[in-house]
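Novice: Each chain, written out:
Number of protein chains: 2
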Amino acid sequence: MNTHFDERLDGGQPGRDQSEVLADLQQALPGMTLLHREEDLRPFECDGLSAYRALPMLVALPETLEQVETLLKRCRALGVPVVTRGAGTGLSGGAMPLSHGVLLVLSRFNRILEIDPEARTARVQPGVRNLAISEAASPYGLYYAPDPSSQIACSIGGNVAENAGGVHCLKYGLTVHNVIKVEVLTIEGEHMTLGSDALDAPGFDLLALFTGSEGMLGVVTEITVKLLPKPETAKVLMASFDDIEKAGNAVGAIIAAGIIPGGLEMMDNLAIRAAEDFIGAGYPVEAEAILLCELDGVEADVDDDCQTVRRVLEKAGATDIQQARDEAERALFWAGRKNAFPAVGRMSPDYYCMDGTIPRRELARVLKGIGDLGEAYGLRVANVFHAGDGNMHPLILFDANQPGEFERAEELGGRILELCVEVGGTITGEHGVGREKIHQMCVQFSPGELTTFRAAKRAFDPDELLNPGKNIPTPARCSEFRLTKSAGDAPAPTRAPESQG
Amino acid sequence: MNTHFDERLDGGQPGRDQSEVLADLQQALPGMTLLHREEDLRPFECDGLSAYRALPMLVALPETLEQVETLLKRCRALGVPVVTRGAGTGLSGGAMPLSHGVLLVLSRFNRILEIDPEARTARVQPGVRNLAISEAASPYGLYYAPDPSSQIACSIGGNVAENAGGVHCLKYGLTVHNVIKVEVLTIEGEHMTLGSDALDAPGFDLLALFTGSEGMLGVVTEITVKLLPKPETAKVLMASFDDIEKAGNAVGAIIAAGIIPGGLEMMDNLAIRAAEDFIGAGYPVEAEAILLCELDGVEADVDDDCQTVRRVLEKAGATDIQQARDEAERALFWAGRKNAFPAVGRMSPDYYCMDGTIPRRELARVLKGIGDLGEAYGLRVANVFHAGDGNMHPLILFDANQPGEFERAEELGGRILELCVEVGGTITGEHGVGREKIHQMCVQFSPGELTTFRAAKRAFDPDELLNPGKNIPTPARCSEFRLTKSAGDAPAPTRAPESQG
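For the protein sequence lines, the chains are A and B, in the order given.
Take the first sequence: its position 347, counting from 1, is numbered 347 in full-length UniProt numbering, and each next residue is one higher.
Take the second sequence: its position 296, counting from 1, is numbered 296 in full-length UniProt numbering, and each next residue is one higher.
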């Protein structure tokens, strides 16, 4: 449990006893599963970012919409905060429980309600796994495009909450670009439909506002997503570089050539060696950097694009370019990339994964900056990331058992995110702010901008009971952060952060 | 002037004299052009929907950001409403002035600040014309995709305010999908940056919330848009049908075949005859409906798609399919479509253009429903619209000089929009709500949903001074609408509506 983090700064403050809330909810919801014993609560103490933990006061596992509605109304009446959780694979602590709050788990809402092949949409409950949508759509030749690394396990409701990304988001967009309608319940238990089955909905775009709002505005109870036709073919090129900045510049050059690859990923030497050692993907271990560029679409088009990309890569200084000869080799090339995080994890007792996003033109400069910062802090940093999106995932290697090393890693991570902001980028690309980056929000945004965020939050949740302490910092939290930062003692989790997505 | 429309129901109520506000603003902003004489105000009395008119109290034509900031602060202090206007080509009365408000005209903010071919973005001021962006990007082989019919004249700031669409939005998205960052000023004169140059921005998606907010949340002062590479080639097919429902079903079948055309437009017999009579586009005047299907991309791909679409059209019962033989014929096919509104206008003293959007699968049913409703009301309705998007533009023909005919037209229009809502659609696709459809918002949304919209509005604009009476109805307005509707006397503009976009 993260004792340095003072929950009193976040609203939704402690006030009710567990026994009191339990009795109230048991009476109002006699049929609903409510967990309250410590051993039952333990599995829910963190999401995928296990460094940030707390036992929830209670865990609620509703099965019907009416139960969710009643639960929200009761929590509102009692002034008890509610944290909503999907599959718990998030990487920013967005679904971390509150010790004085109810954890609302939507895993029982796991039905695919409708696949409409003509409209190319799927209507699903929030607990449905991301990959299950594509599986259900597959008989119609369709799939759901956004593909977080955790897609086998993560839930679509969590994807909406975090505006999740993935390898294919460069071409096919983030979650927000692939959701057309959601049903939600407000903290008042009021039902709303945001978006529509039609092209556009009148009024403000509350659907986009909800997507990525990290459970702070309401509870998503049903989701309609777009489905896309499966590409006829996909081919992958692997280019080696003797200089990481050249690889960074090649990324911009590919896009500038008018090509949007299905995926465009970069790995630096440390990541290449780690992945090769772990997977044996056939990566060039002497290269300073590789780019993996996947092109998908109809056969003729893809062949054309492969030629164009090859020329761009050569001109950008690639020392070697290989095209996967068949599906097996293509899968192998990707296996190296997809297992790069655990592969790097094997090289070091601990690692810390960042998620900054920058304009593509700044890739070379920021990669160099990260290298310089790593040297200055005496820590190794592996880079493996969605280069086409400018979505960096620097992995800082450290050993939490070495005194002071975790603090150095955390400070280095903060410096890297600040570098991203400096060049016009942002502190998160696809993992969300959650609890992890709540302080960096005070850096990213002005006090006036944060006030507007909070006003938007209060428009939906006047008492700030939905997931307080995540995503949008309170003024009190930013003040405390600035004080401790100027005193050279930023608040830190007591355990080392880790991350595997 | 629209006398039936009681502005007292909308907030931002009358209170200050023109002379008082003028004196205050002249003192605070000695260098800024302020128009106040009736003859100077007259050109600003309406936007593209000329049925809704009012003289503004004052027109402000600032040239600098500082002037806009000061103006907003002064209006806030005085409690004077502000309506922001771009080029004034909107079709829903969104920029209609208020007699007790300042009209803030951004036409002098007309500079293209930066074209970045590598990032494929353009950074522009809000008064820049839509087409001027594509012209400036053209030397780099790039263009800005959303293309309202008014693109030669409409401003990008207005496009953002209305979330404008166009023929190519089926494939390339609405304005919201093509804007990555905006700079805004709040009514408090506070500066905010929404979105970023990077893939994603943390916190709530206020950029999407602002897009389409019709000037109710703040003033957009700078816009960064995505640019796309110009397609290598574009080809257009024209398919004839002897039955409008078959044409409607063909639309869904094309999309279901895995093809997203660059444009997919439908015209019914009345529209075909009108356009052919006006333009001589070579349209089949005996057909009950035609589809125009444009395919764009690389040559080989487009040829493949043309073959696929041909097969789908034949199977859907097309009686004839022609492919434009060259660029000249392609331009001619489109000229008929693009001039269909004025062409229909030649057939009737007046017409009223609707903008409902429906799920594609409901096209055939809704087209039949519109036909039945037209017969029941004894009025002709021409259909010419973005079929691929499900974005209908029924044009109701009438003669305002015939007693009662306008009222019948307006009632028919309302019935058509209600039909769109019934089948899961919405009351607007690309023209916005503005003043025109403010009452239909009371039909589209529940009181709880409207309360949430208004709470979001107040988060940005607590005194509701920004464009009151547009887009989001007040509870008072919906109550009045329900009362007058149940009394069989919906509030109506005194002049006949017309529309040319």
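Worth double-checking, as some hints may not be accurate.
Put simply, identical chains are the same to the list, so a pair is met inside one copy or across any two.
Here are the simulated DSSO-like pairs of lysine-lysine, each with C-alpha atoms no more than 27 Å apart in a straight line [as the list claims (entries may be wrong)]:
no., residue 1, residue 2
1, K315, K73
2, K230, K485
3, K226, K315
4, K230, K338
5, K181, K485
6, K485, K73
7, K73, K226
8, K73, K368
9, K246, K226
10, K485, K338
11, K230, K73
12, K246, K315
In case anyone wonders, no lab produced these hints; they're calculated from the structure.
Remember, it's a predicted structure, so these values are computed and weren't measured experimentally.
Novice: Which numbered hints does this structure break?
Specialist: Numbers 1, 2, 5, 6, 7, 8, 10 and 11 - these are the hints that the structure violates, sorted from lowest upward.
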